[in-house]
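Q: Each chain is listed here by its residues.
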Amino acid sequence: MKHTPLFSLHENSGAKMGEFAGYDMPLFYPLGVMKEHLHTRNSAGLFDISHMVHMEVTGSEASQLIERACPYDASNQPIGQARYTFFLNENAGVIDDLIITRLESTRYLIVSNAGCADKDIAHINGLAENFNATVEVIPRGFLALQGPKAESVLDRLGYAVRDLAFMTAIEPKAGWFLSRTGYTGEDGFEIAMPVEETEAFAQKLLESADVELIGLGARDSLRLEAGLSLYGQDLDDSVTPHEAGLLWAIPKPLRQGGPFIGADALAEKIEAGRLRKRVGLRPTGKMPVRAGAKLVNENGEDIGKVTSGGFGPSFEGPVALGLIDMKAADQPVFAEVRGKQIPMEVHSLPFVPHNYKR
Amino acid sequence: MSKTYYTEEHEWLTVDGDDATVGITNHAQDQLGDIVFVELPDVDDEVEQGGDTVVIESVKAASDVYAPVSGTITEVNSALDEEPAMVNAGAETDGWLYKMKLSNAEELNELMDLDAYKELIG
Numbered sequence: 001m002k003h004t005p006l007f008s009l010h011e012n013s014g015a016k017m018g019e020f021a022g023y024d025m026p027l028f029y030p031l032g033v034m035k036e037h038l039h040t041r042n043s044a045g046l047f048d049i050s051h052m053v054h055m056e057v058t059g060s061e062a063s064q065l066i067e068r069a070c071p072y073d074a075s076n077q078p079i080g081q082a083r084y085t086f087f088l089n090e091n092a093g094v095i096d097d098l099i100i101t102r103l104e105s106t107r108y109l110i111v112s113n114a115g116c117a118d119k120d121i122a123h124i125n126g127l128a129e130n131f132n133a134t135v136e137v138i139p140r141g142f143l144a145l146q147g148p149k150a151e152s153v154l155d156r157l158g159y160a161v162r163d164l165a166f167m168t169a170i171e172p173k174a175g176w177f178l179s180r181t182g183y184t185g186e187d188g189f190e191i192a193m194p195v196e197e198t199e200a201f202a203q204k205l206l207e208s209a210d211v212e213l214i215g216l217g218a219r220d221s222l223r224l225e226a227g228l229s230l231y232g233q234d235l236d237d238s239v240t241p242h243e244a245g246l247l248w249a250i251p252k253p254l255r256q257g258g259p260f261i262g263a264d265a266l267a268e269k270i271e272a273g274r275l276r277k278r279v280g281l282r283p284t285g286k287m288p289v290r291a292g293a294k295l296v297n298e299n300g301e302d303i304g305k306v307t308s309g310g311f312g313p314s315f316e317g318p319v320a321l322g323l324i325d326m327k328a329a330d331q332p333v334f335a336e337v338r339g340k341q342i343p344m345e346v347h348s349l350p351f352v353p354h355n356y357k358r
Numbered sequence: 359m360s361k362t363y364y365t366e367e368h369e370w371l372t373v374d375g376d377d378a379t380v381g382i383t384n385h386a387q388d389q390l391g392d393i394v395f396v397e398l399p400d401v402d403d404e405v406e407q408g409g410d411t412v413v414i415e416s417v418k419a420a421s422d423v424y425a426p427v428s429g430t431i432t433e434v435n436s437a438l439d440e441e442p443a444m445v446n447a448g449a450e451t452d453g454w455l456y457k458m459k460l461s462n463a464e465e466l467n468e469l470m471d472l473d474a475y476k477e478l479i480g
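Going down the list, the protein sequences come from chains A and B. Using the numbering used here, read the first sequence as starting at 1 and increasing by one per residue. Using the numbering used here, read the second sequence as starting at 359 and increasing by one per residue.
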């Protein structure tokens with residue numbers, strides 16, 4: 001298994017480690033998943049996200065390359081703005097979901113999922129051959145500091161975060177990147193730095209009484225409560241942004257056509273209407289219903305599946321995301337778990353309100 | 359005189375005559391993390407040694423707990439419906455899972471004592 005720059009820190013902090021996307025990662029620390037989750041919503045949680053992939057796209061046709069790969073107008077993207085978008089395939093299915101920040105008019109940073117690293121790198125490199133642009137994978141340390149106290153922690157350390165708007169970024173010094181983005185639904189930041197500077201920076205953050213280390217267990221329960229998709233579960237290459245409820249990330253004009261791969265398929269599928277859609281689901285009762293559980297109607301007929309599920313510590317109950325056939329919408333939904341049929345209530349997203357600083 | 363046995367699956371079994379109380383060990387609850395739900399068997403269920411009896415749900419995953427020996431369930435710890443975290447706080451005390459009547463006391467010979475279990479978990 002691969003190690004991030006914080007591997008020793010995790011072990012020395014008593015983390016229970018486990019494999020994720022080929023990396024040996026902290027699942028939880030002695031605080032435990034519940035307390036780590038609640039700490040993040042109340043204070044400041046520090047996450048090691050160094051396993052994620054950073055790719056810098058540079059060149060006179062950098063905008064055009066991104067506009068070929070992604071369904072948004074990269075050439076109009078303001079400098080410093082971060083956009084949530086996707087690599088789509090010919091069928092408008094999602095190859096990966098990503099955040100792309102425009103750092104200069106001809107330089108962009110793509111942050112993508114560790115689990116899709118090989119696939120994404122091959123995809124964008126293949127496309128880059130047709131444009132005057134280069135793609136460079138940058139190995140870096142990458143940390144997330146999330147929660148209501150995150151801003152004051154970074155502010156006290158001298159970072160210009162007080163006026164940094166949600167979904168914007170700065171490069172505070174050479175080799176560093178700091179964005180007001182995250183995967184928890186809370187206000188927070190994601191900070192990248194050279195590998196060799198990562199541990200010292202993490203230690204500095206941990207000197208604050210407000211900051212606790214948070215593992216992947218709580219990272220998942222936080223994003224699930226926030227209604228955020230996880231690639232590989234809620235999103236895969238058979239799911240379109242439309243089915244996933246993520247059309248908002250695609251500018252309206254591009255929903256009718258554009259230069260990106262999958263544009264025609266997307267336009268056709270939107271025109272035809274989607275056959276299934278992503279919903280939030282609340283299992284009635286206290287038992288969590290997990291990813292993979294079949295969803296059925298009152299007659300026991302297959303109507304979809306749970307794509308993510310678990311327990312929401314802030315919601316104080318089980319929560320789930322699923323994909324349901326459109327024809328089953330507005331009918332009672334049941335999940336099959338260990339031979340039982342659990343009634344599921346369709347629940348609007350997010351389960352816990354977002355606290356983005358807008 | 360009661361005696362406590364342990365399994366490789368990190369269950370404990372305290373036996374008094376042919377009555378027994380079953381739970382998971384402190385080591386097991388520590389590995390599982392915060393427990394949010396416990397699915398207990400029904401009273402009068404018959405179980406076979408090694409068969410599924412309980413499902414323990416932590417925030418992230420579900421884990422099976424197996425019957426250390428064969429028998430019939432006589433009581434379940436229904437306090438865990440409201441307070442599943444009792445298994446974390448007192449896995450070897452108030453976080454017990456169920457009580458049963460043994461059907462084959464010879465199966466106890468296959469289980470470990472405390473010293474052997476301590477060696478297992480290292």
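Keep in mind the hints are simulated off the structure, nothing from the lab. No experiment lies behind these values; they were computed from the predicted model shown. Please note: incorrect hints may appear among the correct ones.
Said to hold, decoys possible - A few chain A residues facing chain B, derived, Cβ under 8 Å:
1) Met34
2) Met287
3) Phe311
Unchecked claim - Okay, the calculated beta carbon distance ranges per label pair:
4) B:Asp402 <-> A:Ala122: 29 to 39 Å
5) A:Ala21 <-> B:Asp376: 26 to 36 Å
6) B:Thr372 <-> A:Leu349: 40 to 50 Å
7) A:Met326 <-> B:Asp402: 29 to 39 Å
8) B:Ser421 <-> A:Ala122: 31 to 41 Å
9) B:Asp376 <-> A:Ser238: 47 to 57 Å
10) A:Gly257 <-> B:Glu440: 52 to 62 Å
11) A:Lys305 <-> B:Ser421: 16 to 26 Å
Beta carbons: idealized from backbone N, C-alpha and C, even for Gly.
Q: Check each numbered hint against the structure and report the violated ones by number, ascending.
A: 4, 5, 7
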